[in-house]
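Protein chains: 4
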Amino acid sequence: MQLGMIGLGRMGANLVRRVMRAGHDCVVYDRNVDAVHDLAAEGALGADSVGDLKAKLAAPRAVWVMVPAGSVTDSVIEELAATLDAGDIVIDGGNSYYRDDIHHAEQLRERGIHLLDCGTSGGVWGLDRGYSLMVGGDDEAFATVEPIFAALAPGVQAAERTPGRDGDPSPAEHGYLHCGPTGAGHFVKMVHNGIEYGMMAAIAEGLNILHRANIGATREASGDAETAPMTDPEFYRYDLDLPAIAEVWRRGSVIGSWLVDLTAAALVESPDLDAFAGRVSDSGEGRWTAIAAIEEGVPAPVITAALGSRFASRQLDEFADKALSAMRKQFGGHDEKPAAGL
Amino acid sequence: MQLGMIGLGRMGANLVRRVMRAGHDCVVYDRNVDAVHDLAAEGALGADSVGDLKAKLAAPRAVWVMVPAGSVTDSVIEELAATLDAGDIVIDGGNSYYRDDIHHAEQLRERGIHLLDCGTSGGVWGLDRGYSLMVGGDDEAFATVEPIFAALAPGVQAAERTPGRDGDPSPAEHGYLHCGPTGAGHFVKMVHNGIEYGMMAAIAEGLNILHRANIGATREASGDAETAPMTDPEFYRYDLDLPAIAEVWRRGSVIGSWLVDLTAAALVESPDLDAFAGRVSDSGEGRWTAIAAIEEGVPAPVITAALGSRFASRQLDEFADKALSAMRKQFGGHDEKPAAGL
Amino acid sequence: MQLGMIGLGRMGANLVRRVMRAGHDCVVYDRNVDAVHDLAAEGALGADSVGDLKAKLAAPRAVWVMVPAGSVTDSVIEELAATLDAGDIVIDGGNSYYRDDIHHAEQLRERGIHLLDCGTSGGVWGLDRGYSLMVGGDDEAFATVEPIFAALAPGVQAAERTPGRDGDPSPAEHGYLHCGPTGAGHFVKMVHNGIEYGMMAAIAEGLNILHRANIGATREASGDAETAPMTDPEFYRYDLDLPAIAEVWRRGSVIGSWLVDLTAAALVESPDLDAFAGRVSDSGEGRWTAIAAIEEGVPAPVITAALGSRFASRQLDEFADKALSAMRKQFGGHDEKPAAGL
Amino acid sequence: MQLGMIGLGRMGANLVRRVMRAGHDCVVYDRNVDAVHDLAAEGALGADSVGDLKAKLAAPRAVWVMVPAGSVTDSVIEELAATLDAGDIVIDGGNSYYRDDIHHAEQLRERGIHLLDCGTSGGVWGLDRGYSLMVGGDDEAFATVEPIFAALAPGVQAAERTPGRDGDPSPAEHGYLHCGPTGAGHFVKMVHNGIEYGMMAAIAEGLNILHRANIGATREASGDAETAPMTDPEFYRYDLDLPAIAEVWRRGSVIGSWLVDLTAAALVESPDLDAFAGRVSDSGEGRWTAIAAIEEGVPAPVITAALGSRFASRQLDEFADKALSAMRKQFGGHDEKPAAGL
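Residue numbers (my numbering), protein chains in the order written: chain A, 265 to 606; chain B, 265 to 606; chain C, 265 to 606; chain D, 265 to 606.
The set of hints was computed from the structure by calculation and includes no laboratory data. The reader is advised that the hints may include incorrect statements.
Remember, identical chains collapse to one label, so a pair may be satisfied in a single copy or spanning two.
[Stated by the list, open to error] Taking lysine to aspartate or glutamate and the DMTMM-like style, the derived pairs with C-alpha atoms no more than 20 Å apart in a straight line are:
| # | residue 1 | residue 2 |
| --- | --- | --- |
| 1 | Lys593 | Asp392 |
| 2 | Lys593 | Glu306 |
| 3 | Lys593 | Asp536 |
| 4 | Lys601 | Glu582 |
| 5 | Lys601 | Asp538 |
| 6 | Lys601 | Asp503 |
| 7 | Lys593 | Glu582 |
| 8 | Lys318 | Glu342 |
Isolated chain A (complex conformation) (with noise of 0.2 Å):
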């Protein structure tokens, strides 16, 4: 079938060539016209404007839209609105707060356009392994759609079937979920990328905790009032050799998983991972998981914890830290240390 693609970034362009590689026909738009020569040599149609891309797609259209979430997409939702016939179909792609879907479909609907929300995770590495795709939106566009999902999703080799299961696989087998109505998928894919934060943190506190294990051969024993001395520095005492422990967990063990994968390579890459500054960007899915949570009235400490130890990264909890300081000058008399005492 035909896609048109308007967004030609990282993510994309990939999913371009990967729906090509299935044998469908992809018609793009970026603003960027390199973006789009680049592909064209690839052998995609390319378009100058939404206009011109509708123009080059045979109605019923499906057209996914990957920009970045907020603004951009809103005013790409829109000029579609306005542009494309009943009947045709939008899938939006990125990373979109899921509230956003309800509103950009209530738009949509109003010219009988319909609206899939598109939840796709998998990163660079997408374009060969597969796309984890979780889909919301109305049953007629996503089976109009389908042939364009399964083309990108990881397909039902990628992994062993689950105990159990058994039948023809179900599309959640081939790595495409269609998980319920307009805003369903993204709020699925949030939820993932909550879980996301949460992994990772759980496995950059455990390299951290390894990191430091060699401390009590290292820092002096002694403390002072004011700082806490090591009850037992002769317990931390290992020189730990972190891009073979990473790789070791690898195989076999609990923790396996593709998170894991990835830091052995970065370990590999940068073993005391200098190239970081320890900024942690976050992206939109991780706060709304959490407000999700709370709204719900459902604990999620892991998850929130994850997410305040990105903020503390980018030092947004100095003023809270200053406080804590000024409280023990006042009632122990207490002056801070100096960053060397540390």
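Use these hints to put chains B, C and D onto chain A, whose structure you have.
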């Protein structure tokens, strides 16, 4: 080579089987005579005492201990210290606290016996998948036992090679690692389990958020002076298929992992998890990891929160909760609401 | 001056009483006729409708609304918008979400009516101790109602002067503050309650640690493969007198606070807190504070953890806990332990 | 009665002064001769060695040790064990780990000397406000030293009586408490400090949320693929006066407390807290409280999070943050953003 095994429970028996599959000979002992008979029927040589086990092994002996951590391990190590000869090697493959290894190694060293501490991950699946092995102790003893570790480990083919690694695969790429001196193996395994706690909790919290995603459709949106009303019930109207969602995450997603595989399997068996009451045990390593973080001065909010959630799952937060209710009653005259009102 | 009061529950009635004690006149209305009669008997002028209340007040009127946040407040504001005259002032003294204030202020502004949002802390004790008042809205309306705020506030003598402050005491030193434009009062009150959640939880957790301090004397120190044994039971043999401990913290300690005072009182009434089941409600502000932290990108691990603990106290973590048990069963074959075994 | 004091730092010197104010005699010793001279000038009897201090006290002697916890306390206790006579009493008033008390008490008991462990809260303000004292040890020793505890404690008048208490005020109502056998005093003080960490963090987090409440007015609302845009910038446009807010919370609010009083004082001195860098020390008790919670199996998410925040304030989360950035780079090709972009 020959391996002695003491402790033929779920883990110990499977270790023996996997070692025998690789062509090694096993002499096995357990206080439970039936367990010995069962493995003898599978090709092991049964022993009826620790002394008998010693007698049936050629020096230098390698004796793997696979019994519960704590006092049981203590007494087995003590018996081995009194029974084995200088030059023999004891492998503690259980979940011992790495600090106990240091004590045990000293005990054994007085008799010229070596201790290897071996953190063993893989659970009931290890027989077929292989075990991830994290070993501490001296080089000589490690080299002697290495064929056994190689037999137990999953092997290189169990995962794609990490980008950037080349040449002959390292032991870590086979799935076993000599982490450092005595205790290093269980230290690394301890942190592994700490990470496991965090990962498991991340998944569990995410599932709970999905599980409650329909609360806006089912719960009255109104609150009262003591209960928060839902701010946006219209955004919580998703009746989600959790078994399918766990399945779709298995392929291509960033959180793809063995734990997600297992979660998918559990949800096939019991989509509502009704087989469980939700009392989650903890077997020591999570506690020790959290304590190590504190003693090193390293923040580990995710791992620590995961541990605390397990305590709370066993209602160990009850007195604290009563104290909160008591304070609310004092300052606001708030009575607790009946359970049905939640 | 004259004050109208709508909502004569626990809080509203006491506000009226304290205002009257200061020599002001109150016109009171509640759908509950008995509540109106009771206060009329104490000197207030009763009204039998919002219109009647308006009629009994001289313009420009000041009408305090003290009803549950959410839909009840919404409908009262709506009725007031339809009833009052331009130049009148509505004070929302309840626990409204500050975002609702912004909406309500717009509604009222269309009719020329002012809104003041007033966060009111003090609980059932406020009648005698006075209330801490955090007010948002325009300067003119604040200035008009200031005598009422001054009457409700505890007054300068309620605390020793803060070192470094001099000259005439500021309004904040009397116990009320004009925090900023519409919503600022409830925003500050919201954060106040977030802090309250954290403080309460800190006390409650501490009491729980004291409560269990004798576990080494009472619990068997042994564990098994699924339950951590106590590492050092000899260090947990303290049978502590919690009512006395809470009492000793009331004088001279760093944690001296009204919440500790109330805790001490609760423990005198019920040393084991047996009067409570431990289901802790949350009334919105804690949630909103946690959400504000997330939206601002500020780490708030303590406040957020306190909120999560309340959710867990109502067993809203149950599905997550079941998921953990299910995973443990999958990878380790671990069955859940019976409740008695905990 | 007579009291010996070893350690004339900030705390020790003020303890001597308060004891002398109550009419008791003090013999004082410190390695710092000037500190001895200063107190001698205020009426204490100076000693130039531990032996001299002993000689100047009549048996049975009471010697208060007020030196840094850990190795310094260890050596002073050792010297006292070698110097004092059977029947004498040592009071460890510092911040010792309660487990060390158990060891010290055994050391001293061999010589017939008693140990009282005394947790001392009150900081630099204790001279005038009095100290909250939590004491462990045997009844006989406690009874002997009780007049000193009574002199140091704030006294009954320092707080209104707790409702429900009647008859003669208990020692706890004076502000000192015999909590139980050896270690009980420092155990209770340890938990007190754990609560203090939690309370302080709650206040600090709340202030940080207020501090950032204007972010919607100052930051561009747009994000990009790696940074979450603000969802609702229009709700974060409050430029708040933190010194005034801390002040208004001091009277009548639920969070009224000494820590809020001190926060208000700090904000008068430095409204932006510019005097501080935000490196927050921890002096042991917070760590020990968190460890006690873990060993008891009690969830303490708030206290533990507060402790972790202090670690993070000293950048001890840096390696973990680098690991997160490394993972993000691996799966998404995300580069870290420059500091200015935060």
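| request: Please work out whether the CA atoms of Lys601 and Glu582 approach to 20 Å or closer within one copy, between two copies, in both situations, or in neither? | output: both (16 Å within a copy, 19 Å between copies)
Within a copy, between copies, both or neither: which one fits Lys593 and Glu582 at a CA-CA cutoff of 20 Å?
Within. Shortest intra-copy distance 16 Å satisfies the 20 Å Cα cut-off; inter-copy 26 Å does not.
Q. Given a CA cutoff of 20 Å, do Lys593 and Asp536 count as a within-copy pair, a between-copy pair, both, or neither?
A. Between copies, since 15 Å is at most 20 Å while 36 Å is not.
Is it within, between, both, or neither for Lys601 and Asp503, if the alpha carbons may be no more than 20 Å apart? neither (27 Å within a copy, 31 Å between copies)
* Should Lys318 paired with Glu342 be assigned to within, between, both, or neither, using CA atoms and 20 Å as the limit? -> Within one copy only: 14 Å inside, 48 Å across.
Go through the copies and call it for Lys593 and Glu306: within, between, both or neither, with a Cα cutoff of 20 Å. neither (65 Å within a copy, 26 Å between copies)
Report task. Go through the copies and call it for Lys601 and Asp538: within, between, both or neither, with a Cα cutoff of 20 Å. Result -> Between. Shortest inter-copy distance 15 Å satisfies the 20 Å Cα cut-off; intra-copy 26 Å does not.
At most 20 Å between CA atoms: does that hold for Lys593 and Asp392 within a copy, between copies, both, or neither?
Close across copies (17 Å), not inside one copy (57 Å); limit 20 Å.
When each numbered hint is compared with the structure, violations occur for hints 2, 6.
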